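Asker: One letter stands for each residue in the lines below.
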Amino acid sequence: MGLFSKVRGGVKPPHRKHTAESATERMPVPETVILSMAQHIGPPCTPTVKVGDKVEVGQIVGDSDAFLSAPVHASVSGEVTAVTSITMPSGQAVQAVVIRSDGEQRVHESVVPPTVETYDDFLKAVRASGLVGLGGAGFPTHVKLRPKNVDAVDTIIINAAECEPYITSDYRELMENSWNIVSGVQTVMEFLDTQRVIIAIESNKPAAIKELSAIAASVSKPGREVSVQTLPARYPQGAEKVLIAQTTGRKVPPGKLPADVGCIVMNATSVSVLAWYLKSGMPLVEKRITVDGGAVAEPKNVLVPLGTPIKDVIAFCGGYKAPARKLLMGGPMMGTALKDDSLPVLKQNNAILAFDEEALLPEPTACIRCGRCVAACPMSLTPPAITAAYKTKNTDVLEKRGVMVCMECGSCAYVCPANRPLVQTMRLAKEMVRKASAKS
Amino acid sequence: MQNSRIVRSSPHLHSGDSTRMIMLDVIIALLPASVASIWLFGWQSAALIVTCIAACLASEYLSRLVLRREQTVGDLSAVVTGLLLALNLPATLPLWQAALGSAVAIVVVKQMFGGLGHNFVNPALVGRIVLMVSFPAAMNQYVVPFWMSSVDGVATATPLVQLESFDLQTLFFGTYGGAIGETCAAALLLGGVYLVVRRVIQPTIPVVFIGTVFVLSWLISGDAYEATRQILSGGLMLGAIFMATDYVTCPVTTLGKVIYALGCGGLTVLIRQGGSLPEGVSFAIVVMNILVPLIERVTYATPFGKKGGERHA
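If you read the sequences in order, they're chains W and E.
Quick note on numbering: the first sequence equals residues 0 to 439 in numbering that gives the first Met the number 0.
Quick note on numbering: the second sequence equals residues 0 to 312 in numbering that gives the first Met the number 0.
The set of hints was computed from the structure by calculation and includes no laboratory data.
Please read these numbers as outputs of a predicted model, since none were measured by experiment.
Note that beta-carbon positions come from the ideal geometry of N, C-alpha and C, so glycine has one too.
There could be a bad hint or two in this list.
Straight-line alpha carbon distances no greater than 16 Å define the calculated EDC-like cross-link-like pairs of lysine to aspartate or glutamate that follow [as the list claims (entries may be wrong)]:
{"hint": "1", "chain 1": "W", "residue 1": "49", "chain 2": "W", "residue 2": "62"}
{"hint": "2", "chain 1": "E", "residue 1": "306", "chain 2": "W", "residue 2": "30"}
{"hint": "3", "chain 1": "W", "residue 1": "53", "chain 2": "W", "residue 2": "30"}
{"hint": "4", "chain 1": "E", "residue 1": "306", "chain 2": "W", "residue 2": "192"}
Cβ pair distances, simulated, as ranges [stated by the list, open to error]:
{"hint": "5", "chain 1": "W", "residue 1": "136", "chain 2": "E", "residue 2": "19", "range": "46 to 54 Å"}
{"hint": "6", "chain 1": "E", "residue 1": "297", "chain 2": "W", "residue 2": "318", "range": "56 to 64 Å"}
{"hint": "7", "chain 1": "W", "residue 1": "363", "chain 2": "E", "residue 2": "290", "range": "24 to 32 Å"}
{"hint": "8", "chain 1": "W", "residue 1": "363", "chain 2": "E", "residue 2": "198", "range": "19 to 27 Å"}
{"hint": "9", "chain 1": "E", "residue 1": "297", "chain 2": "W", "residue 2": "213", "range": "50 to 58 Å"}
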């Protein structure tokens with residue numbers, strides 16, 4: 000497949016995949032884990048344990064009746080010491096179960112391979128695994144695999160683009176667990192009765208492309224085709240809509256889901272974790288995190304029990320070698336800046352980045368209308384027009400200019416020579432539109 | 000340490016480009032034309048360039064001071080305006096008039112509308128137009144390059160009026176009378192290539208602008224040679240490459256750029272052929288500058304996945 004982008008726009012930030020060749024290291028069990036009840040898109044879970052309860056690895060500690068949710072499992076064995084409220088990076092206050100580890104990592108009796116015969120069994124198992132979109136969005140996987148129009152879905156796309164700079168956690172999954180990924184792919188394909196799976200990898204990961212291509216070729220058969228597609232190394236290839244357009248030429252209309260154009264997109268690590276759950280019955284209790292950035296002493300990929308405080312993960316990586324002026328959960332293009340390094344690792348986290356002075360960006364200056372943001376936007380938006388409409392609070396124009404299509408990839412702000420906070424403006428403008436439409 | 004941690008909206012990475020770097024690139028791109036102007040018209044060119052840049056910087060500094068706004072002299076945009084204005088002036092223009100034009104460009108056209116990014120017409124062009132209207136005699140005093148005047152004895156000439164007397168080579172290298180920076184097409188094209196290579200501008204506007212003038216001139220005169228002379232003479236190269244492409248006063252959409260450049264080219268030919276003025280590039284660009292908001296309104300790209308065509312910005 001061609002290395003030319005079928006989607007306009009995008010940018011070429013430096014890759015900085017320093018940790019690409021650092022094999023995953025499992026960190027020691029932390030003293031305590033803090034399990035947030037909101038590790039997915041949708042209503043938060045309710046704690047199912049209380050202070051003083053003894054828990055074991057894989058035991059459910061939080062669940063919800065809501066459709067759009069996924070259960071939370073204990074990642075360590077030990078004792079519940081608190082059910083408290085924590086402030087998430089978004090500013091939202093949520094409940095969390097704090098477990099003091101006994102260091103024994105006893106596995107709970109519920110951890111047994113699930114019996115899966117029908118599509119319904121499969122969906123139940125996916126929900127029980129606690130799996131959410133591990134690429135960052137945290138969309139519950141069992142909901143994703145249950146589209147209204149499942150018969151119309153003919154393509155499953157495995158997102159291994161990993162287009163954000165620094166992050167290599169999916170790449171390590173491709174290199175270390177390639178067979179697991181393909182096994183997961185085959186299972187999903189069978190239960191959804193889908194004809195083809197496309198594993199999409201950016202061209203800057205040749206080793207992974209080679210590895211996966213060989214396996215894909217060996218399992219592909221007519222009616223159940225598995226192939227690897229090389230994407231141009233151009234940010235944001237891994238954005239769902241961009242990825243679908245790039246691999247299939249289909250465009251997801253605003254407000255619609257990938258299934259509406261016959262596609263389901265799954266993150267590579269998600270599908271691998273799913274395969275592992277079906278084999279072992281062990282739900283999602285640990286996650287590979289890329290720890291990098293100029294303020295981290297020993298950048299590496301770490302397998303972290305979910306709920307581990309970020310500072311413990313950093314300590315395992317040799318600690319800070321410089322003051323962490325900026326601490327990110329996620330990549331530098333879309334990640335969230337954190338104030339506090341005692342926050343826990345969440346299911347959908349794939350990187351922790353800590354930066355020294357290098358993270359200081361210049362102050363914004365006046366927009367010179369150079370149009371670079373317009374050229375960079377993969378969604379064909381016009382940030383200057385949206386900014387103008389936002390300033391005049393004109394929500395009609397904001398909607399007409401497509402502000403709700405913005406996925407906050409940051410390409411516009413990355414190229415802006417005036418260093419305008421364009422993504423921030425987009426977010427505020429979207430919020431303005433949401434409030435206006437809620438009123439009317 | 001905790002308190003000094005920066006929390007802000009993503010992205011946390013930046014390309015490193017800045018307004019200052021872009022302006023510096025434009026200045027570099029104008030160097031060949033500046034050198035050519037000194038080669039052609041001597042120390043008077045150098046004096047004009049220095050005067051205009053100094054006057055623009057001083058005007059920018061003082062108006063920001065008076066308006067109590069933060070200083071922006073460092074972004075180098077005033078240097079670009081000064082340099083562009085100087086290159087649009089005849090060599091014999093009194094320096095005080097050049098300084099006045101610079102002050103009008105910066106104070107009235109740029110700073111009174113809010114400074115860089117907020118002016119709706121090109122400051123240097125309006126500076127030139129104000130001088131043309133205020134001092135028509137001095138502004139139309141186009142000396143031929145001084146070291147050539149002894150050869151053929153022509154003291155003054157208004158280039159587009161006597162176009163027949165120049166061959167293509169003369170026009171390409173600019174060895175004829177005109178504004179100091181506009182005659183040498185070779186130097187301007189070199190600067191244009193630099194801007195495109197450095198991705199400061201896209202070639203859309205210059206190509207469509209110059210192309211339109213060529214095609215229309217050819218259609219009107221029925222002569223490709225004459226059409227070639229039309230595109231090589233007057234302020235067209237300078238205007239199309241450096242003035243019409245001014246970010247602030249041209250559309251941000253690609254289709255908008257095409258429409259805008261077509262309009263610039265059409266109006267230039269209209270003024271050259273039908274108007275009482277010999278040259279129309281400045282007026283054509285200023286008129287199209289004013290139309291930019293309207294052009295943008297009808298040329299916005301369709302957001303990804305929305306119905307109504309697949310027009311890209």
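Asker: If a hint holds in the structure, say so; if it does not, say that too.
Answerer: Outcome of the hint check:
1. W:49 / W:62: holds, 13 Å
2. E:306 / W:30: With a Cα-Cα distance of about 54 Å, the restraint between residue 306 of chain E and residue 30 of chain W is violated, given a limit of 16 Å.
3. W:53 / W:30: At roughly 15 Å apart (the allowed maximum being 16 Å), residue 30 of chain W and residue 53 of chain W satisfy the hint.
4. E:306 / W:192: violated, 30 Å
5. W:136 / E:19: 46 to 54 Å: Violated - the Cβ-Cβ distance for residue 136 of chain W and residue 19 of chain E, about 38 Å, lies outside 46 to 54 Å.
6. E:297 / W:318: 56 to 64 Å: With Cβ atoms ~57 Å apart, the hint holds.
7. W:363 / E:290: 24 to 32 Å: holds, 29 Å
8. W:363 / E:198: 19 to 27 Å: Roughly 22 Å apart at Cβ, these two residues keep to the hinted range, so it holds.
9. E:297 / W:213: 50 to 58 Å: For residue 213 of chain W against residue 297 of chain E, whose Cβ atoms are near 52 Å apart, the range 50 to 58 Å holds.
Checked against the numbered hints given earlier, this structure breaks hints 2, 4, 5; the rest are met.
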